[in-house]
Amino acid sequence: MTMATETGAPVDTTKTALQVTDLIKQFGGGRSLLGRPLPAVHAVRGLSFEVRPGEILGIVGESGCGKSTVARMLVGLESPTEGRITLREEPLAEPGKPIKRTVLARKIQYVFQDPISSLNPRKTIREILSAPLYYLRGMTESQRAERLKELMAAVNLRPEFLDRYPHEFSGGQAQRIGIARALAAEPEVLVLDEPVSALDVSVQAQVLNLLQDLRRQFNLTYVFISHDLGVVRNLCDRVAVMYFGRIVETGSTRALFDNPQHHYTRLLLDSVPGARDGTLPDEAANAELPDPFHPPTGCAFAPRCSAASEQCRQSDPELDTRRQDGQQVACYHPAGESAD
Amino acid sequence: MSRFMNISNALPLARWFGHRHSRTSPLQLLLRNRLAAAGLIVLIAVCILALITPWLPLHHPNQTALGNRLLPPGSDGHLLGTDHLGRDILARILWGTRVSLSVGISATLVAATVGSILGILAGYFGRHVDNILMRGIDMVMAFPYILLALAIVAVLGPGLLNALYAIAIVNIPFFARNVRGVTVTLRNREFVDAALLSGKGHARILLTEILPNVLPVIVITMSTTVGWMILETAGLSFLGLGAQPPQADLGSMLGEGRRLISTAPHVATIPGLMIFLLVMSINLLGDGVRDALDPRLKAGALRRPAARTRTAPAARQQPTGEPKGLLEVDNLRTEFHLDGQVHQAVNGPTFHIEPGECLGIIGESGSGKSVTAMSLLGLVASPPGIIQNGQVNYQRQNLLGVSDPVLRGYRGGELAYIFQDPLSTLHPLFTVGDQLVEALRAHRPLSYRAAWQEAVRRLEEVRMPNAARRAKSYPHQLSGGMRQRVSIAMALANDPQLIIADEPTTALDVTVQAQILKLLNRLREQKQASLMFITHDFGVVKQICHRVAVMYAGEIVEIGPVEEILARPAHPYTRRLIGCVPSVDYEGGRLAEIPGLPPQVSNLPVGCKFADRCDQVTDQCRAAPIELDTLNERHQARCIFAREVSA
Amino acid sequence: MHTQLWRYIGKRLLLMIPVLFGLSIIVFLIMALIPGDPAQAILGAYATPDNVARINTQLGLDQPLPMQYITWLTNILQGDFGRSYAQNRAVLDIITERFGATLILAGTALVLCSIFGLLAGIISASRQYGLADKMITFIVLIGISMPAFWLGLLLIMFFAVDLRWLPASGMYSMWGGGGLLDLLRHLILPASTLAFIATGVIARLTRASMLEVLRQDYIRTARAKGLHERRVIYRHAFKAAMVSVVPVIGIQAGFVLGGAVYVETVFQWPGIGSMLVNAISQRDLLLVQGGVLIVAAAYVVFNLLADVVQFILDPRVTA
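Protein chains in written order, with my numbering: chain A, 1 to 340; chain B, 1 to 647; chain C, 1 to 319.
A hint or two may mislead.
[Said to hold, decoys possible] Estimated spans, in silico, between C-beta atoms of each pair: (1) B:His337 to C:Gly170: 54 to 62 Å; (2) B:Gln28 to A:Phe161: 21 to 29 Å; (3) C:Tyr234 to A:Arg106: 57 to 65 Å; (4) A:Pro95 to B:His337: 51 to 59 Å; (5) A:Phe161 to B:Pro313: 43 to 51 Å; (6) B:Ile117 to A:Ser306: 55 to 63 Å; (7) B:His337 to C:Arg7: 21 to 29 Å.
Keep in mind the hints are simulated off the structure, nothing from the lab.
Keep in mind the model is a prediction, meaning the values are calculated, not measured.
Don't be surprised by glycine CBs; every beta carbon is placed ideally from N, CA and C.
With the rest of the complex left out, here is chain A (with noise of 0.2 Å):
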């Protein structure tokens, strides 16, 4: 079955592209020489979710959440401590194996946050976006030339910058370089993180559009990685928030948006200026994350939650499905149905 998404592009609802089950992340950990544990940071704790061909989900969180760990993990960068990653049933990362980088940067590219910091400074653009041609498309020279030139032109770039260094162009024109770079593997998946939050906003605009054209042009499926809540409303089909390591709540865009269920979810929507009622959440509410050293075991928002109780303290509530349409939400008090 396909249907049309909000954002307009063709979203096959009956199969999944990629598939993260009960991934886990510790950062540290081990023993020491004596045979003490080390101190572990739990960077992702427990995460599942899955993207349709074609869709863009977007993952939503504040510093420290665990979303770029999981954008590195989708891509082989780092490697899950346990839980795995299918793409088509195809197994990408599983525990105690080691990543074949080579296959899977065929299939997953990553666009970095850092449009700048992503590009060697001592290369020139055609040497950067031929490495990928290269060596994970084995192309000649002559196909190499003339993929260039395409890719070029499906960024919206002029093919004489190919010979100029890194440091010759704007943030918003360097994060088409690294979209580009992406792209020249061919992939089926792009993990994109936070690849807006560099620029301008009139910049930002330039490369949201882009990222959807290219899309459409390309079939791609989009995990996208933000803190900007109107980026994700703008640009994503599905979108899922995320704190402290967990999803707390996912599901279509518009109904997490309209209708949060997860006071987290509330309070980040609350929270953006200028929006909204007009009004902002209380000046003095409890800001501070847990200490990731020491993960508590009720949920991990009871704290700063005013619907908490004892329940929410003592154990970590599960996603669970409350809607038909799969809004998924974490929670033992979730919202009313209407926001206020």
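With the hints as your guide, set chains B and C onto chain A.
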């Protein structure tokens, strides 16, 4: 010993390498540096002399003539005299220089090669590789420097080659540590991850991605180390452990001559002078190389910023007439003079702030909004900043022209700042309480104890939980939101009339931002202070500002009440800037992007600065500067078509 | 704070054990890997069959390398560094006799170079590109380009031979001396020689760190608070700059201890440095070994002190 400069410089260097190539090549920069050029010339001269020595009409360096012992310089046939065996000192000096130079350079090459390989491997692979390699390096470095060389020579036996080995081994750690430091920063740069995702293997990444970026650091370390290596080889020879008689290098000549210091001082002085000359020229050149390869120096970034921005006489005139509002800014012009270019960052904004008002200044990066804010109290880094013109009138005085003590009285007193990143703007080595106390005591005669109590009270005012205990914390022990509360408490310490907040919430998460905005707004109302809020976010403006000034390319293109501008923007830039912000409240569909980029402030057009990106542009727009058009008493826009746009 | 400090010192002391251990391995290996017959090499000209037999049993040279190391280390931990065959005395006795002189010289030089280096660096940075800065930069450049042994000779020529103000060599006068004043008179030239060069390094680094720090955002904050520029430089900038300067002062201790070799030779200062040079030329390897170990251990202690100062200075360093 100059090498220790590198360790501190190497890390920031990596950040900058290749980032900004200016039009001038490193070689030109090197020659522009007079001292380095002098060093280069002397060094080239010495090297040429050393190279052609075998063909020069000289005495044989080892030919003894006991009848001619200890002739003074200037003697017939012996320009620099003779030594205690009657050997010609000039010949021995030149041959000795050959030996010293070649040993010094060889030792440097050996140390650089081995050290760099170790450093790159340790830095790139990290973890166990790093641990094992660097612990080994640490062991070598745990020896007092020359001592290890002595021990090695002691075992291998005296001799020039053994001295070379010893010196090279002892210097490996410096290269290893410098190169490792840079490699670690490079490894964490995203382009290495990008190369991995492009299908490159580790070996290829090391050779083609890392090495080209590390090379400048290796060159710098070498150029600042050669001189020292020559000194060390000379030192070992001086002690009789390097070159063995009759072969001479500069150090052994000095060693042989030192016993004659009271009778024939020239025997020891001349080789010493030669070593000094050689090493000095190498060090001058080395410093020049370092400066030329470090782009921070090009940009003048290592110039010390003065206590106050340089201000041209035109900007120091006293105001005539009654200033408008609480603080009035009139035709402010701030420039940056960099690399021979003038960047006109602020091009004459004129505005005022009413008492108790919150004025927003909005713009994208490079619009000059922050520089405008920093200019008010002379906080723009200078060099390279200069305030060329304009007035900042407060209480009938032009702040740009007042004396330093008067300015200090206003800074943090009646006029206070809050900056963007609360981690870098608080001093890392003082407790937050201490920093608050300092702010209080700079303006009020308080005892430390009384000021501390006041500081705690101020922290409570910004709703810092456990204020009394948190006052004893250092900034790094607090979260971003808490740090920004400290900054706000510090700004409010002396009950200012005006708070200038430069993107105070940009570095914060959205839920924390909401709290800080609410806090600022409450305090402004309670204290009846004015707030000047610099931001790039229209949502923030809508949330807390009364009026807003929109800046583009250093100019105010529109200013007026917030609701009016949001509802009926009169400048095409304002209209389209609002249009391209995605909203959380509704699906916008395709965003209305603004094509192109803002003009470079080093090369501004005469007419409308937005003309190149505007869809309503006419020839008239580009012909002459556009003046602000008054739409109504409070609303002005810098556009010929302002009335049509807002209609 | 105090418990934290003691915990930190305790931890550093514990960490010293592997470092000293590593040092001993390196020193042992250098000596053990001497090409040829070690006993022969150690004894050199004193290699009578009697001595060779003695040293073979004493060092266990007929045993495998690890066993040799254990024997050697056990002896050293018991204070037995072996015998100097050139002087026919216990190595430990010679070292204890001379160690004090080196400590006095190196300690004085270290204090001098720290004081002058910091002062010069601060003045240089606070008047960047001014006359004082240019002069200091130039003198510093001379300092780091000057061979210590040559500087020592020049000073002797000028102050001892020509002007006859100060003694040219030794630690005490042969006649009528022995007091503190006499020691100081003898100390001035060698300590200044040694300090001059290290001063250059510290001054350069202080200048560079001060300039780096003065560009930081928190300096702008300090100015925005209305603080006087003197306070900004001497309190805010200086403290932050010290964080990168202090470890280098610790490293300078190593250079000063090493440089003592030259200076003690030139001024015939009766310390470990001049002893080492003599021992090397006589191939008195056990004496070399003992001397190197002791000076290296002293350096480790100096570095520990620098680390402790660093800990007190910077709250971000954790115990």
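Hint check results:
1. Distance hint check for B:His337 and C:Gly170: the Cβ-Cβ separation is about 59 Å, which falls inside the suggested range of 54 to 62 Å.
2. Judged by the Cβ atoms, the range 21 to 29 Å given for B:Gln28 and A:Phe161 holds: they are separated by roughly 26 Å.
3. For the hinted restraint 57 to 65 Å between C:Tyr234 and A:Arg106, the CB-CB distance of approximately 60 Å keeps it satisfied.
4. Our hint of 51 to 59 Å for A:Pro95 and B:His337 holds, since their Cβ atoms are close to 58 Å apart.
5. Range check, A:Phe161 to B:Pro313: about 45 Å between beta-carbon atoms, so the 43 to 51 Å window is met.
6. For B:Ile117 and A:Ser306, the hinted distance range of 55 to 63 Å is satisfied, since their beta carbons lie about 59 Å from each other.
7. Taking 21 to 29 Å as the suggested C-beta distance range, the pair B:His337 and C:Arg7 does not conform, at roughly 52 Å.
Comparing the model with each numbered hint stated earlier shows that hint 7 is the single one that does not hold.
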